[in-house]
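Please work from the sequences and hints to get the whole structure.
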Amino acid sequence: MLSVKNLEVHYGMIKAIKDVSFEVNQGEVIALIGANGAGKTTILHTVSGLLQPSRGQVIFEGKDITRIPAHKIVSLGMAHVPEGRRVFSQLTVLENLKLGAYTRKDKGEMEETLKMIYGRFPRLEERKNQIAGTLSGGEQQMLAMGRALMSHPRIILMDEPSMGLSPIFVEEVFKIIRDISATGTTVLLVEQNAKKALTIADRAYVLETGNITLEGEADKLMNDESVKKAYLGE
Amino acid sequence: MSSFFTFLINGISLGSIYAIIALGYTMVYGIAKMLNFAHGDVIMVGSYMVFLSMGSLGLPPVLAVLLAVVVCTVLGITIEKIAYKPLRKASPLAVLITAIGVSYFLQNAALLFFGANTKMFTSVISLPAISLAEGQINITGETQVTIIVCIIIMIGLSLFIKKTKAGQAMLAVSEDKGAAELMGVNVNGTISLTFAIGSALAAVAGVLLCSTYPTLNPYTGSMPGIKAFTAAVFGGIGSIPGAFVGGILLGIIENLSKAYISSQLSDAIVFSVLIIVLLVKPTGILGTKISEKV
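From first to last, the protein sequence lines stand for chains A and B.
Going left to right, the first sequence walks through residues 13 to 246 as our numbering numbers them.
Going left to right, the second sequence walks through residues 1193 to 1486 as our numbering numbers them.
Since the hints were derived computationally from the structure, they do not count as laboratory data.
All values reported here derive from a predicted model rather than from experimental measurement.
Just so you know, nobody snuck in bad clues.
As a list, the in silico EDC-like pairs of lysine to aspartate or glutamate whose alpha-carbon atoms are at most 20 Å apart:
hint	chain 1	residue 1	chain 2	residue 2
1	B	Lys1354	A	Glu123
2	A	Lys110	B	Asp1368
3	B	Lys1369	A	Glu107
4	B	Lys1355	A	Glu123
5	A	Lys187	A	Asp231
6	A	Lys84	B	Asp1368
7	B	Lys1354	A	Glu107
8	A	Lys110	B	Glu1367
9	B	Lys1357	A	Glu121
10	B	Lys1357	A	Glu123
11	B	Lys1357	A	Glu124
As structure tokens, this is what we get:
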């Protein structure tokens, strides 16, 4: 469904991503794990078009989207929940959700998606007229996820969705990712919480300073000695 | 008392013009995070368009104003494309200097095309004056139209931003360009739209300004531009209601100081008030700082 080939990304003179390739198949949950600064966020930004790679290709459903600007990629069926949530803090919850459906034309379908999202996140419906900046961190994460789902994506990229949340919300977030995956949406997940990420992922890639050093099925990686030592704290 | 009332009404009218110009500054600042110091000169271009199309082409006022709005809209979009867009990732200082350069360019282009002579501007407004309090208070047609137009623009713009998709996209871009892009918002298109709206409003402001104060030369837009910028900062730059409040207050303060203190000192008083407000509340009257929740 999504294949990234020989990706190379520079920030000025610094090469942040060095020859990274990976595949995401339809319906999978794929985790990218790695330490701070390994390049996980950079990869997501390049896939969704916010950053331009200096080399390599991003192919989405057979289409080369490497040079397509981010705002056009959304309507191709890809949504991105950015790191730090980045909800529009001065707009209401409902206005945020509607912006998530910015590229959709059919109002009726949009209302249906909205209903579905309220069903999944009842708290968003309770607070639909509240200014998003006044929500708690966990609620903002729900909003960021709901907003991304409003575009009705076939693949959703999630960047550190559990970061800075209380343990209860962390559980909740991973449960929601599982639910999203269960409805057939493909998930590409970036997480520092490697243990949690590996428990819900089908496959995973381990990233170190811009390179993929390890890849495989999630449960196998979980038992890998080097992964245990470096990322699972065992 | 009746003269006070007249000064007040005239102040509100002048303030309405400042408010309309200030909207252009504040919207562009909110969305592109830059100060477009050429904005005042777009007013002048709009006024010349009306002057020429009524004088030389003999167009009726309504058509002349429409033409000026169209020309200024195109001018605003063009300035953004040519001068500012290539600097999207440059330092704010480079953009600021460019804006000042564009301002000088417009003034000198006007000198070249229209000459340095001050022209007498014929008011586009032919509404009769209203007499109140047995003729002691006179409200001219220009004053009435200016205030009404300002109110209509304020309401229209607020509805546009609150109710339309494009308006919501503007708010999204002004808060977080990257996140807006991830929603599918075309950020460059939104910035263009903002310049278009700001410049169209500048044309309207120019017509109102020259109808009330009927002289026109290539520097006509410069001082009102600076005053309106002050009004935008005064009200809280980036805030649309702030531009409105700042503009009206500035107009009232300016007119009352002209009437009761000194007409020479009025500008000094206006800018002193600005300094005091900024000392007490650096974000302006209605400005807010976005606090980020981590």
